[in-house]
Amino acid sequence: MDGEEFAERVERIRARMFRTACMYLGSDAMACDAVDESVYRALKSLKKLRNAEYFETWLTRILINECKKQLRRIRREQPLDTIPETAQEEFDALPLRDAVQRLPDELREVVILRYFSGYTVAETAKCLELAQGTVATRQRRALGILRLELAEEVL
Amino acid sequence: MNRNEEYTAIMSDLDDMPTQMQYTVQRASARLSAVRRRRRMFTIPVGSLVSLFAVFVILVNVSTPFALACGRVPILKELVKAVAFSPSLSAAVENEYVQPVELTLEDGGVTLKIEYLIVDQKQLNVFYSLSSDSDIVLELRPTILDENGGQTHGYAMSYGGYGFTTEGELSSFTVDFFDNDIPPDMFFSFEIIGHESATRDEPVSIDSGESKEETEGARNVVANFELSLTFDPEFTESGRVIDVYQTFEIDGQKLELTTAEVYPTHIRLNFDAADSNTAWLKGLYFFLEDESGTRFEAIGNGITATGDEHTPMMKSFRLESPYFYESEQLTLYVTGAEWLLKDKEKLRLDLISESADWLPEGVSNLKVERRSSSVVLSFACEYKNGEQMYNPFFGTCYDEAGNDYYSESSSTISEYTYFDEETGEHVTVPGVFEYRMSVDGYDGDTLILTAAFSGVTLLDEPIEIDVE
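Just so you know, the protein sequences line up as chains A and B, in that order.
Residues 1301 to 1455 in the working numbering are what the first sequence spells out, letter by letter.
Residues 287 to 754 in the working numbering are what the second sequence spells out, letter by letter.
The hints are simulated quantities; they were obtained by calculation from the structure and are not laboratory data.
We put the CB at the ideal spot given by N, CA and C, even for glycine.
Mixed in with the good hints there might be a few duds.
[Claimed, not checked] Computed far set for chain A versus chain B, every beta-carbon distance over 12 Å: (1) 1374; (2) 1375; (3) 1382; (4) 1383; (5) 1422; (6) 1436.
[Unchecked claim] Lysine-lysine pairs mimicking DSS-like chemistry, simulated, CA-CA at most 25 Å apart: (7) B/367 / A/1348; (8) A/1368 / A/1344; (9) A/1344 / B/540; (10) A/1344 / B/367; (11) B/540 / B/601; (12) A/1426 / A/1348; (13) B/367 / A/1347; (14) B/363 / A/1348; (15) B/363 / A/1347.
Kindly produce the complete structure, drawing on both the sequences and the hints.
Here is the structure:
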């Protein structure tokens, strides 16, 4: 993949990357930094991508790892625990954006990709290295906790 | 506002992407170019021919783009070929972690070209070529000197191709520092040995009948050079240490992975063991994997593990380096270990009955051959961990009175074959190689050997340890 193709393919998913990072990190500025860092890392490691067909999945994975790294740093400075799934009243009391941030990690990452970044079940499964059935189960649980009525994609 | 209305509002906010996002690729591209320019390279003008025993100082301080300073694509291809055996060095070359050195030295019709260096905090790799006016095979023997011209210690040297070179082709030698870091300056003395072309074979085997003195006497020194190298700290301060401090247990033996030292040329995993363990750790079967599934195997060429003089335990193991992969997470998978039982460090051989009080796991069939001035022992050894051959014993051995002898030569033969007297045929045993060792000047009836290991544990499920 040459520089021109790299730029084109980043352009195609740039908006999704920004939305993903924003929902992970809660701020436009931090989201921009995370996207910048991920694009840089991808450009630097481009030769390691064996199959160009998986570019978007690969780049998204880099972004998720970068967001998790930033999140760990943020939580060290300002501890913010996740809320257990059973504590429905606590979730109900929060604005939706905060409620998403307080979901258990495995549910949050699925709902962000599926419903805020526009990835399909299959794409989400590839990015997170999960079975599609697992993605479907987790999205259902997350939507239930968030009390969101959104269409579930048929597998 | 109900939840779905909140969702719609958030999606609308997210559509409003900051304008700076438009130039993310351009920023990444500019950043990558800046990083590559910051790597310092140096060149020395081509064509410096010097006479015997002249000393050169090479300063690493010229900042020039790699391709421009090098300007020699064919030579670079030779470097890629020369490092093909090492994933870590290949990654170093791919990431331009190379210092080109265009230094040519000549003496007595022999030309030595120091072409490239790959150096980090703990290891120096020197790539060079040798050529001669005569039809001889050249061998380079380097010695590291201190600033007073005396020999230094605390390092090990290894060579590609036993130190023999093919005319004009790139060869290499490696200097490994154990506890200390590479010093900022190193002084080398190079002895160039010439061999007749027809005798360019593997080093003398124990079966040839030649003594060490005979091979030493045949040495023909055709040239000598001395050289001083000064390194750029950007390369020699390139390592990092990860605190791990995770304990685990294999076969009842408690171990702790204390730290991981990551260098461009290799990664070192350092271990500690409980005093209550009944066996010393002598080997580990393992690999590292990062979050993208990239695997880093144990070093296959060069130093694989080190210990110290206080115990038989091997304390530090080396793998190919993740340095250039910028891995976020590293997981160690331990699949087995080799042990030396603390009460079984030595074993006694009866050279008359060709028997032993015990032998390391997988080692058997002692055969003894007496020669006029030595005794040759051979063993059948099962391959370990796939196709790996090994030395089951150390070179120092003892008689019953405790006097020590040293086995100057040992060899391995990839197949083990014996003569079946019943069938009258030679039989090759699959999965077994032959190990032979010669002890000069020994005529006793028993011999005490020091075992390199006593047993092996292979795990059904690997032990996973988060390194980073």
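Here is how each hint holds up against the structure:
No Cβ of chain B approaches the Cβ of residue 1374 of chain A within 12 Å, the least distance being about 16 Å, so the stated non-interface status holds. For residue 1375 of chain A, the shortest C-beta to C-beta distance to chain B comes to about 16 Å, beyond the 12 Å cut-off, and the non-interface label holds. Non-interface call for residue 1382 of chain A relative to chain B: holds, since the shortest CB-CB distance, roughly 19 Å, exceeds 12 Å. The Cβ of residue 1383 of chain A sits about 16 Å from the closest Cβ of chain B, beyond the 12 Å cut-off, so the non-interface label holds.
The claim that residue 1422 of chain A lies off the interface holds: its Cβ sits roughly 20 Å from the closest Cβ of chain B, which is beyond the 12 Å cut-off. The claim that residue 1436 of chain A is not at the interface with chain B holds, since no C-beta of that chain comes within 12 Å of its own (minimum 19 Å). Between residue 367 of chain B and residue 1348 of chain A, the direct Cα distance comes to roughly 19 Å. Compliance with the 25 Å bound is thereby established for this hinted pair. With a CA separation close to 20 Å, the supplied pair residue 1368 of chain A and residue 1344 of chain A stays within the 25 Å bound.
Proximity of residue 1344 of chain A to residue 540 of chain B is assessed by CA-CA distance (about 41 Å); at most 25 Å being required, the pair is judged violated. About 23 Å separates the Cα atoms of residue 1344 of chain A and residue 367 of chain B, which keeps this hinted pair within 25 Å; it holds. The suggested pairing of residue 540 of chain B with residue 601 of chain B holds, with an alpha-carbon distance near 13 Å, which does not exceed 25 Å. With a CA separation close to 18 Å, the supplied pair residue 1426 of chain A and residue 1348 of chain A stays within the 25 Å bound.
For the given pair, residue 367 of chain B sits about 19 Å from residue 1347 of chain A by alpha-carbon distance, which is consistent with the 25 Å threshold. With a C-alpha separation of about 20 Å, the suggested pairing of residue 363 of chain B with residue 1348 of chain A holds against the 25 Å cut-off. The straight-line distance between the Cα atoms of residue 363 of chain B and residue 1347 of chain A is roughly 18 Å, inside the 25 Å bound, and the hint therefore holds.
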